[in-house]
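Make the full structure from the sequences, and use the hints.
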Amino acid sequence: MHEQVDSVKTYALVWIVLLILTAVTTAVAYVDLGAFSVVVALVIAVVKMLLVALFFMHIRHSTQLTRLVVMGGLIWLFILLLLTFADFSTRGWTGVPGR
Amino acid sequence: MGSFPLFPEQASTIAPDVDHLLYFLLAVAVFFTLLIFGCIFYFAIRYRRRSERELPHVIHGGLTLEILWSVIPFGLTMVMFSWGASIFFQESRPPANALQIYAVGKQWMWKLQHIEGQREINELHIPLGRPVRLTMTSEDVIHSFFVPAFRTKEDVVPGRYSTTWFQPTKPGKYHLFCAEYCGTRHSGMIGWIYVMEPRDYENWLNGGAPTGSLADEGARLFESLACSNCHKPDGSGRCPTLVGLFGRNVQLSNGATIKADEGYIRESILQPTAKIVAGYQPLMPTFQGLVTEEGVLQLVEYIKSLGPRPGAPAGASMPVVVPNKR
Amino acid sequence: MASEGHAETLALREQFDTADQQKDASTLGMWVFLITEIMFFGGMFLAYSVYRSSYPVVFAVASSSLNAVIGAVNTAVLLCSSFTMVMAVRAAQLGQRRAILIFLILTLILGMVFLGVKAYEWNEKFVEHHVPGPTFHLEGVEMQGPAQIFFSLYFAMTGLHALHMVIGVGLLTWLIIATYRGRFSAQYMTPVDIAGLYWHFVDIIWIFLFPLLYLIDRHLR
Amino acid sequence: MITEAAVEREHYLNASYGIKSWLLTKDHKRIALLYLATVTLFFFLGGAFATLIRIELLTPTGGLVSSETYNKLFTMHGVTMVFFFLIPSIPATLGNFFLPMMIGARDLAFPRINLLSWYLLVIGGLFALYAMLAGGVDTGWTFYTPYSTTYSNSWVVATAIGIFIAGFSSILTGLNFIVTVHRMRAPGMTWFRLPLFVWSNYATSLIQVLGTPVLAVTIVLVFCERVFHIGIFDPALGGDPVLFQHLFWFYSHPAVYIMVLPAMGVISELISVYSRKPVFGYAFVAFSSVAIAVLGFLVWGHHLFVSTQSVYAGMVFSFLSYFVAIPSAIKVFNWTATLYKGSISFATPMLYAFGFIGLFTIGGLTGLFVASLGIDVHVTDTYFVIAHFHYIMVGGTIMAYMGGLHYWWPKMTGRMYPEGWAKLSALVIFLGFNLTFFPQFILGYLGMPRRYHVYPDEFQVLHVLSTAGASVLAVGYLMPMIYFIWSLRYGAVATANPWGATGLEWKTPSPPPVHNFDEMPVVTHEAYDYSTVMGEVIEVG
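Chains as they are written, first to last, in my numbering: chain E, 1198 to 1296; chain P, 5 to 330; chain R, 530 to 750; chain V, 3 to 543.
Calculated from the structure, these hints are not laboratory results.
None of the values given here were measured: they were computed from a predicted structure.
Hints should not be assumed to be uniformly reliable.
To be verified - In the SDA-like style, the derived pairs of lysine to any residue whose C-alpha atoms are separated by at most 20 angstroms in a straight line are: (1) Lys28(V) / Tyr132(V); (2) Lys263(P) / Ser583(R); (3) Lys647(R) / Leu1230(E).
Stated by the list, open to error - Between beta-carbon pairs, the in silico distance windows are: (4) Asp204(P) / Phe225(V): 49 to 57 angstroms; (5) Val1243(E) / Leu294(P): 53 to 61 angstroms; (6) Val656(R) / Leu229(P): 30 to 38 angstroms; (7) Ser1286(E) / Gly190(V): 33 to 41 angstroms; (8) Gly662(R) / Gln1201(E): 46 to 54 angstroms; (9) Glu650(R) / Lys22(V): 46 to 54 angstroms; (10) Ser582(R) / Val1243(E): 44 to 52 angstroms; (11) Gly699(R) / Leu1251(E): 21 to 29 angstroms.
As the list claims (entries may be wrong) - Partial list, derived from the structure: chain V residues whose beta carbon lies under 10 angstroms from chain E: (12) Ile55; (13) Ile57; (14) Glu58; (15) Pro62; (16) Gly213; (17) Val216; (18) Phe299; (19) Ser312; (20) Val313; (21) Tyr314; (22) Val318; (23) Leu322; (24) Val463.
Every residue, glycine too, gets a C-beta built ideally from N, C-alpha and C.
And the structure:
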């Protein structure tokens, strides 16, 4: 069994970046970016997720199978959102109520 | 037990289209069912085990066959999809000159209102040969307006409007069913559609003693709810004028535009602050709980009846084909 | 079970051939479990997205009534706990029992702090009548219905997140006891490892909940 | 044929005795039998509800029970059959028993979680039973809002809790299978040597793991809505009842494939062994299982064509729905082609397999009808849909389940079932089934809505036919119940491999020893290589 042991420095660095990103996302919410504010918030959240997953959850040392499992979960979440919004975002296109 | 039909009546313009698609699907289904059953029977008998010791020759598969029996069904299904979708699209687009009727579903009855003011419960009288458009909503749970002879069905959902339409082709009396389970007396939420010759329909319309057209009732409601205090016809009030609103594109305060259809008007009455017209303040109180779904429909019809504003931009109006009978 | 006879540090169960196979299976099992969690929270994220796109203004006002500073601080607390958790896993990899114990206890404390802050926030909601129900009222919006939906989602999402935290705290407590009794070593540290995965996952959920619930169009205020 | 010594041999059934040895067992084989007993119980409970429904529908006026009772009957029939019988049926019994054996493992990866899954099913079932005994639930198994959240005066909450808990049972079973297939295969058991039953159970597990959590959270939201009135689906507060339908069907459509995929796996085994040939197009059949599992998640909106979903979404979902037809067609064609130039035996399981292919073909082809927007507007929420999914669920899944039970019965119990009675019951079930459900296609196209307690007179003849069929079907299902129990004591003693099958489960004595294999197997052949077992074939009397 070959465990890849990361250094304390790596973990600490990731930790500090995460804290900084939290501060950034909070601060940026008070800036008027129009429709982009939700995009910025989500991008920061995704970056934070990647940091936690790659470093703290050791995805960067993990097997292909584990990565496949994670990707699968995210893709399925995406399917759920995408196809439901296929309904909600096209309502009213025909101009006939309820169609 | 009386009569014992095996096929439903065709009584709308869309019914033969749906049935033709059914015949196609039936043909495909029967073909493949016979093919599979036939193969199974033939193989099972032809290659029955004759000795416990026999070991058949190994066949692993055949790519050509796999491709063949993937591609052919795929082609057939795409025909089914396109054909079905085109019928559906037709079913979703009521013609502009359709006769407007309003329906409210409620545990466990159908309440129907004609523009002329007639109201019916669990019965709907309509003229032959003219498209009929139903704008529907529910007071409680989800119902579904289903007329088998017309091959149409559409859910009736609380909190929003839905639409269905049909053009009857045969005079007679047809089942109206609620097709979405709605509680204890779901199977009692049925009624009849009476398709009448146009002359008989006119007689029927004039036969009752309605209190006035639906728009008139809407107008009375408009007064009694004091809507007219703010919504002045000339636009001088604190709120936008409603004259010529229906069918027009409305500029909203958040920059979006929206077409003023039945759903928009309903929302604006019940949740006035959901969409604010550009240049106006969110002053209007909600009328949720103060006006019934039937009342809202009357208001919608009243606002529709206010007609296009003189000089309304082209292409943004609802064509008015039916002369007002008032 | 036959495995009781094995060396306790290895704890190889009878259905497995090797310790590697057992560890792989447990890790994979945990990851598969985590994707079920993605889908579980996914259902609520979907409801949230639908209603936020339907009622953007109401959601912005309702979101602004939450205390962003407390939310941010709590996010930081949770991120710190993730750091201590990963340090505990690292200590387990290296077989440093004392360090595992310290970091696990730190994680536990941070987790409790998070839950405490959460409880304080929920209590505030009761005081401010921001709890969905007959007494619900949110200042600044006409549409109380959708505002109530925002808070329904807020309670459902943070509530189920907190439930996962409580389960995590339970796991940590068990791990601390097991570590104290010397169950883990560099050879056998699977429970610490997979509990770590779980803890980080719960952290990730919060990483999304925080901006989605607390930080909608704050500039409007 | 068989020596007395074999009967004395220690195996998983006689290794230990007593209630505790069963209720605390971690042996996947014993857990499978616990599941078997549980789901059989629920099957007959659901069947009892069905019987009452069919008797009630003999007359159009609804004289036997009140509307309220009738609504509860069809709801409880659906809830019991879907969540407590069909979903656990094949995976949790046959899958649990044979998946580890087929890949050459001593057990599942997580035996304790396996036992926990069974307890969760039982606890969930107890909640559902409590709801039924306390007064029943009348929302339909679909729990559509706002009826279920606001208007129904029945035991919605208890039932919801029951389904929620049973859902975790399903999730954990799926998780266990996935890890087991990935990590526990015997040396030499590569992915493309796996029996197709394993492939289909693997695909099923993917759905269980990815879909069930969404149902779970939906139930949580319905629960909150009903108990606390919080408004997530409540139109009065601006909520959208159609959102509930999206969430519900995101799980419940793929759930159909949870029910039918394992059945397809069983059929692949049966067709192969009783024609003594490898399954035609093994890789296509294997991948079609995974394809069905994946595509199954893209089509849920076809349950919402008339639900006021947008027209464009309806078209997308209809289009995607047709893609599921392709892997299904591939399977049917490959099974049929397997028979070609085979050595076909007419043992009972094969009769069930024939029945499955025929009925699944009809069920699948009528699926094309309901996937077509134009037709579906007319037939949705009518008996056409009822007939369609019963052809899949009863004609498909239960046929395969019965076939699988007969096929593996000798391995599970060490006894043969009585062949004559079994053939008779297979025939009775096939005929009874068709008589029950075929008239419902006609009823549906005529416009008979589902969930109707009273109905117009002109539908009566077809309803009477259907009820007549149902009574034949009931007899067909009772017969195996009796002769299976009879065979436990009086059946002929089974050899290790009575069918001349190739799976690893047949390489160990019947019933298997506690750890499945006396000597851990090493796999050197592809699946279904009958030349390797010809020496073992012994004529069955």
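Quick check on the hint: Ser312(V) CB to chain E CB, less than 10 angstroms?
4 angstroms, holds
Regarding the hint that Glu58(V) lies at the interface with chain E, is the smallest CB-CB distance below 10 angstroms?
Since chain E brings no Cβ nearer than about 34 angstroms to Glu58(V), farther than 10 angstroms, the hint is violated.
Just tell me: holds or violated, for the beta carbon distance of Glu650(R) and Lys22(V) against 46 to 54 angstroms?
Roughly 47 angstroms apart at Cβ, these two residues keep to the hinted range, so it holds.
Outcome for the supplied range 49 to 57 angstroms, where the beta carbon pair is Asp204(P) and Phe225(V)
53 angstroms, holds
Quick check on the hint: Val313(V) CB to chain E CB, less than 10 angstroms?
5 angstroms, holds
Taking the Cβ atom of Ser1286(E) and the Cβ atom of Gly190(V), is their distance within the range 33 to 41 angstroms?
51 angstroms, violated
Given Val463(V) as an interface hint, is its Cβ closer than 10 angstroms to any Cβ of chain E?
36 angstroms, violated
Lys28(V) and Tyr132(V) were given as a pair; does the straight-line alpha-carbon distance stay at or below 20 angstroms?
Distance ~28 angstroms between Lys28(V) and Tyr132(V) Cα, so the pair is violated.
With respect to the beta-carbon atoms only, verify the hint that Val1243(E) and Leu294(P) lie 53 to 61 angstroms apart.
46 angstroms, violated
Should the interface hint for Ile55(V) be scored as holding, given a Cβ-Cβ cut-off of 10 angstroms against chain E?
Result: violated, 32 angstroms to nearest chain E Cβ.
Once the shortest beta carbon distance from Pro62(V) to chain E is found, is it less than 10 angstroms?
Not OK, violated: Pro62(V) not within 10 angstroms of chain E, min 32 angstroms.
Okay, Gly699(R) versus Leu1251(E) on CB: inside 21 to 29 angstroms?
Between Gly699(R) and Leu1251(E), where Cβ atoms are some 27 angstroms apart, the hint holds.
Figure legend: structure checked against the earlier numbered hints; hints not met, in rising order: 1, 3, 5, 7, 10, 12, 13, 14, 15, 24.
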